[in-house]
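*Asks:* Letter by letter, the chains look like this.
Protein chains: 2
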Amino acid sequence: MSKVKSKEQPVILVTNDDGVTAPGIKALVEAVKHLGKVVVVAPDKPQSGMGHAITIGHPLRMHAVHYFEGIEAYQCSGTPVDCVKLAVDKVLHRKPDICLSGINHGANHSINVIYSGTMSAALEASIESIPSIGFSLLDYSIEADFTGARKYAGILVEHLLKRKYDKHLCLNVNIPAVDASLLKGLKVCHQAYAKYEEKFDERIDPHGKKYYWLTGDFVNFDKGKDTDVWALKNNYVSVVPVQFDLTHYKLKAKLEQTLTKLN
Amino acid sequence: MSKVKSKEQPVILVTNDDGVTAPGIKALVEAVKHLGKVVVVAPDKPQSGMGHAITIGHPLRMHAVHYFEGIEAYQCSGTPVDCVKLAVDKVLHRKPDICLSGINHGANHSINVIYSGTMSAALEASIESIPSIGFSLLDYSIEADFTGARKYAGILVEHLLKRKYDKHLCLNVNIPAVDASLLKGLKVCHQAYAKYEEKFDERIDPHGKKYYWLTGDFVNFDKGKDTDVWALKNNYVSVVPVQFDLTHYKLKAKLEQTLTKLN
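The listed protein sequences derive, respectively, from chains F and H. Quick note: the first sequence uses my numbering, first residue -11, plus one each step. Quick note: the second sequence uses my numbering, first residue -11, plus one each step.
If you're looking for bench data, these hints aren't it; they were derived computationally from the structure. Everything hinted at is true.
Note that the list lumps identical chains together, so a pair holds whenever it fits in one copy or between two copies.
Here are the computed lysine to aspartate or glutamate pairs in the DMTMM-like style, where the Cα-Cα straight-line distance is at most 25 Å:
no., residue 1, residue 2
1, Lys221, Glu244
2, Lys238, Glu146
3, Lys238, Asp214
4, Lys238, Asp154
5, Lys78, Glu57
6, Lys240, Asp85
7, Lys238, Asp210
8, Lys21, Asp133
9, Lys83, Glu186
10, Lys221, Asp167
11, Lys155, Glu185
12, Lys155, Asp233
13, Lys240, Asp210
14, Lys221, Glu186
One chain only, chain F, in its complex shape:
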């Protein structure tokens, strides 16, 4: 029995939001493939900013792809969240031991966790009782250097596969875009209240009609040292544990006192 057991590798589901051909997902697969049986199910096109969107109104397609040497992989026509759901039901036919999302080309710290397809895939796994990590490198370039990100992905995944925390564990990990030698290590943080102040760029099309591009400036309203934004500015790898219970418990107590009077 022990022999059989020692052969059972953990199953590692890998997805992302930049699409299955993005260099970041290849870097993530490379970082963890020695730690278990890796299976990739990722979007067939970029899905940045898709948040926790799911596909309801039309069906999904999924095809095997051969982008990763020796790794079972599929591209899916849906969102990152769709990929996780479809992987569990139709590819793995079981829950994986861990779900990894990324490595995203670009930051997902602070409020961006809510808009991010990368983090929504990880959160979806967590809802499904699958521990998960989303990884994001603070470099949007297609030619980004994933050396430091790969190193910390390997360290964290190895640790989480050995030590069970919580079946709903979900980590939002961001890595500064600096040379790996300059990284100061992991720092557990909370999500900063920092966000984009949106401005739409209004333009006129060749037919004389208006259209709008979403743009904005990033503003940090949170001056604490315990935030992901501070950690990243100071060359730490930020680790924010994330949850899907959005209840605002402090306000709940207050509202209980007042709203019930309206009945």
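Put chain H on the given structure of chain F with help from the hints.
*Replies:* Frame of chain F, contents of chain H only:
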């Protein structure tokens, strides 16, 4: 001065995810139009399940529409979250006093808050320091009876315009699909751990290729009486205050003790 002040009506931004022509948004406008200056900016097509998606890769369109008698209204080609952002920057040119989303045709209790375009629009407003409420009726029908929902929308919006709670206040309000006379009143709750257990319906298209429809059964894992699912089953209008700080603070403390040892 006091005369001028008394003329200043609160500005009420209304959006939804079922699209600008859905009966639910008309019911919401009717419920609150006596309470301030209502402006509608809503999607030009159904956007259910879009979660917190935003439109990055292509521009947005927005056009004035005349669906609501005497009310300034626009349809937008983007997601519910896009609608809120665009309304603030390009329609109102200021923050509204409150943002309302819905009334959704269908439930958004428990984990559905995360997938819901209705609630993501409300949460977006909350991120932007605009108090907000998302309303959902537990009836998917286009011919749903919004009488009870309208009543409680009126009560809650009037209350929140008078009494300031928090600039980030965001309420997830669900209304049971029963005759208004049977509703027992408002109940402040927390989000139940109840979710769909997904099963994909695998089919073969006329060209012999597989495709998948997302389906599932709703399962309540949370047996407490303090949840939105319990309240709704017992004919209460459930009110869950929602927040956008996803940090899991309990796990954060635990992880601080262990992860830093990996450095």
